[in-house]
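Here the protein sequences come in this chain order: A and B.
Here the first sequence stands for residues 198 to 495, numbered as in this note's numbering.
Here the second sequence stands for residues 192 to 425, numbered as in this note's numbering.
One or more hints might be untrue.
[As the list claims (entries may be wrong)] FRET-style restraints, in silico, Cβ to Cβ: (1) B:400 x A:377: 20 to 30 Å; (2) B:300 x A:464: 19 to 29 Å; (3) A:388 x B:310: 26 to 36 Å; (4) B:212 x A:388: 35 to 45 Å; (5) A:377 x B:310: 27 to 37 Å.
[As the list claims (entries may be wrong)] A few chain B residues that face chain A, going by a derived Cβ cut-off under 7 Å, partial list only: (6) 201; (7) 204; (8) 207; (9) 264; (10) 270; (11) 276; (12) 284; (13) 288; (14) 292; (15) 295; (16) 296; (17) 297.
Quick caveat, the hints were computed from the structure, so don't treat them as lab data.
Everything numeric in this text was worked out from a predicted model, so none of it was measured.
Ideal Cβ positions, reconstructed from N, Cα and C, are used throughout, including at glycine.
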Amino acid sequence: MADFVSFYLMPGVVLGCIYALGAVGLTLLFGILRFAHFAHGDVMTVGAYVAFVGVVSFGLTAYQSIPLAILVSVLLVMAIDRTFYRPLRRASPIVLLISGFGVALMLRAAILFFFGPDGGVYEQGIRRPMIFATEWGRFRIQERHLWIIGGAVALALTLHLFLTRTRLGKAMRAMSDNPDLARITGIPTERVILATWAIGGATAATAGVFLAIDTQVNPMMGMNMLLPIFAAMILGGVGRPWGAVFGGLVLGIAEELVAAPIWGGQPLLSPAYKVGLSFAVMVLLLIFRPTGLFKGQS
Amino acid sequence: MSLLTVSEVFGGYGGADILQGASLTVASDEIVVIIGPNGAGKSTLMKAVFGLVRLRQGSVSLDGTTITNLAPDRMAHHGLAYVPQERNVFVSLSVEENLEMGHFIRRGSPRAAIDRVYGLFPDLAAKRRQAAGSLSGGQRQMVAMGRALMLDPRLILLDEPTAGLSPKYMDVIFDKVREINRTGTAVLMVEQNAKQALKIAHRGYVLQTGRNRVDDTGAALLANPDVAQMFLGA
Chain A
198 MADFVSFYLM
208 PGVVLGCIYA
218 LGAVGLTLLF
228 GILRFAHFAH
238 GDVMTVGAYV
248 AFVGVVSFGL
258 TAYQSIPLAI
268 LVSVLLVMAI
278 DRTFYRPLRR
288 ASPIVLLISG
298 FGVALMLRAA
308 ILFFFGPDGG
318 VYEQGIRRPM
328 IFATEWGRFR
338 IQERHLWIIG
348 GAVALALTLH
358 LFLTRTRLGK
368 AMRAMSDNPD
378 LARITGIPTE
388 RVILATWAIG
398 GATAATAGVF
408 LAIDTQVNPM
418 MGMNMLLPIF
428 AAMILGGVGR
438 PWGAVFGGLV
448 LGIAEELVAA
458 PIWGGQPLLS
468 PAYKVGLSFA
478 VMVLLLIFRP
488 TGLFKGQS
Chain B
192 MSLLTVSEVF
202 GGYGGADILQ
212 GASLTVASDE
222 IVVIIGPNGA
232 GKSTLMKAVF
242 GLVRLRQGSV
252 SLDGTTITNL
262 APDRMAHHGL
272 AYVPQERNVF
282 VSLSVEENLE
292 MGHFIRRGSP
302 RAAIDRVYGL
312 FPDLAAKRRQ
322 AAGSLSGGQR
332 QMVAMGRALM
342 LDPRLILLDE
352 PTAGLSPKYM
362 DVIFDKVREI
372 NRTGTAVLMV
382 EQNAKQALKI
392 AHRGYVLQTG
402 RNRVDDTGAA
412 LLANPDVAQM
422 FLGA
């Protein structure tokens with residue numbers, strides 16, 4: 198029981214939080230711009246590398262580098278929107294999808310150019326887990342996992358308050374709901390779009406730093422996240438922030454749990470197949486329930 | 192002098208012109224109704240006034256300011272509000288949030304304006320926390336009109352406000368239109384229920400193939416045998 202929680206459930210929740218942060222930005226951007234942002238994973242990579250610079254060059258801790266990572270990533274995605282996506286606002290979704298793919302390649306190439314293909318870690322050496330001895334057994338919890346979960350929860354709650362309590366947040370939901378009526382109402386759509394990029398950039402950068410804290414920085418890290426965060430977004434119903442959070446948590450936990458030796462001491466599925474799980478979920482959903490578990494946009 | 196002046200406009204959705212020289216005026220204290228057969232360009236004319244249909248020729252002016260082909264998201268700044276016939280509420284937002292959106296362009300609290308709208312539509316006050324998408328057709332129409340009234344516009348454009356409503360709600364909506372007008376907002380509306388609409392209208396225009404066919408006072412149009420035969424089912 199304690200081992201199950203320590204080695205499978207907890208890492209699953211952490212991975213789920215990271216997926217959730219990625220998927221929530223993706224789903225908001227889809228709601229406002231009606232296009233699937235293919236470069237979202239690479240924005241996560243950028244965030245992780247900005248924090249890497251903060252750690253290596255400025256001597257900050259990875260957590261202290263998060264505001265820096267957010268700032269740079271938000272400015273970057275806003276600049277990308279002005280340069281690449283804004284001229285294509287009225288183009289077909291396929292054109293936007295391809296341009297997003299192009300942006301993804303550019304970001305990855307830039308990271309490879311400046312940092313090389315090898316990757317790195319924020320902190321050398323092994324961190325011992327905190328041990329909680331209870332009547333159910335000894336739980337071994339990594340301190341970083343608590344920080345990641347706490348950070349993700351705080352960010353999700355902040356976002357929820359923003360969307361339900363502020364003028365701009367409500368306008369964002371209004372525009373996602375009915376863009377024509379938003380325009381008729383006089384809501385400045387370009388300003389709402391910029392705000393959406395800011396949220397997408399900030400959540401993606403944070404997710405990237407969290408992922409790198411849990412594993413390492415690597416030029417391909419964001420690319421590898423793309424499939425699960427798309428699956429999480431679709432699972433929760435496209436355009437629904439809480440749905441994306443739910444989808445992310447479900448996929449993250451499921452990926453870790455399938456490798457747990459629950460029956461007869463053998464893993465349910467070899468850990469090598471973990472990634473396939475998101476893919477399977479996405480395919481099944483698109484066939485049987487394309488609007489996700491909670492009715493979203495198709 | 193009239194508040195809204197539309198003079199000899201031509202335009203459409205890119206292909207052939209739907210509007211072929213239509214003109215109309217609305218004074219600041221009037222209810223004006225546009226009637227006509229299907230495809231006459233009634234809704235198109237309304238959309239053209241609000242900048243949603245591109246005009247190739249002709250002009251639209253509001254209180255002396257030319258607003259021809261101005262972007263729709265600028266119209267609210269000029270005191271013009273528009274209620275589309277369909278998809279006219281934010282379905283996933285609550286009633287109160289819908290109203291707040293109507294106040295978006297203005298700084299400061301929307302409270303006073305929201306209370307004014309609740310005063311006009313008391314039904315909505317009871318449902319303020321409900322999603323607009325969960326309301327009946329008549330209540331949705333009230334939310335849509337309420338949203339448009341949040342800025343206390345000088346002129347409100349209503350595109351078939353009673354379409355698809357039960358007779359009971361139709362009467363309610365027509366009553367509310369009169370009340371809106373009494374509190375100082377001019378009304379321009381397109382209506383299928385021509386008879387009822389002309390009863391509350393000061394003046395009416397009969398549109399056919401994108402241009403004016405008859406214009407007269409509401410009472411005179413009701414009494415006009417040609418109009419009666421064509422549109423009023425008499």
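The hint says 27 to 37 Å between residue 377 of chain A and residue 310 of chain B; measuring C-beta to C-beta, is that right?
Distance hint for residue 377 of chain A, residue 310 of chain B holds at roughly 29 Å.
Double-check residue 284 of chain B for me: the hint is only fine if its C-beta lies closer than 7 Å to a C-beta in chain A.
Given a least distance of 6 Å, the restraint on residue 284 of chain B holds.
Was the hint right that residue 201 of chain B lines chain A, CB cutoff 7 Å?
The hint is violated - residue 201 of chain B has no Cβ within 7 Å of chain A, the shortest such distance being about 23 Å.
Hint validity - residue 204 of chain B Cβ closer than 7 Å to any chain A Cβ
Violated - the Cβ of residue 204 of chain B stays beyond 7 Å from chain A, reaching only about 14 Å at its closest.
Min Cβ distance, residue 264 of chain B to chain A: is it shorter than 7 Å?
holds (5 Å)
20 to 30 Å was suggested as the range; check whether the CB atoms of residue 400 of chain B and residue 377 of chain A agree with it.
holds (27 Å)
Have a go at the residue 276 of chain B hint: is there a Cβ in chain A nearer than 7 Å to its own Cβ?
Violated, because the Cβ-Cβ distance from residue 276 of chain B to chain A comes to roughly 12 Å (cut-off 7 Å).
Taking 35 to 45 Å as the stated bounds, is the beta-carbon spacing between residue 212 of chain B and residue 388 of chain A within them?
holds (38 Å)
Holds or violated: is there a CB of chain A closer than 7 Å to the CB of residue 207 of chain B?
At about 23 Å, which exceeds the 7 Å cut-off, the nearest Cβ of chain A leaves the hint on residue 207 of chain B violated.
C-beta pair residue 388 of chain A, residue 310 of chain B: status relative to the range 26 to 36 Å that was hinted
holds (31 Å)
Would the stated hint for residue 295 of chain B survive a check requiring a Cβ distance to chain A of less than 7 Å?
Because about 5 Å separates residue 295 of chain B from the closest Cβ in chain A, which is inside the 7 Å limit, the hint holds.
Interface hint compliance - residue 292 of chain B to chain A, C-beta minimum distance less than 7 Å:
holds (5 Å)
Hints 2, 6, 7, 8, 10, 11, 17 from the list above are not met by this structure, while the remaining hints are.
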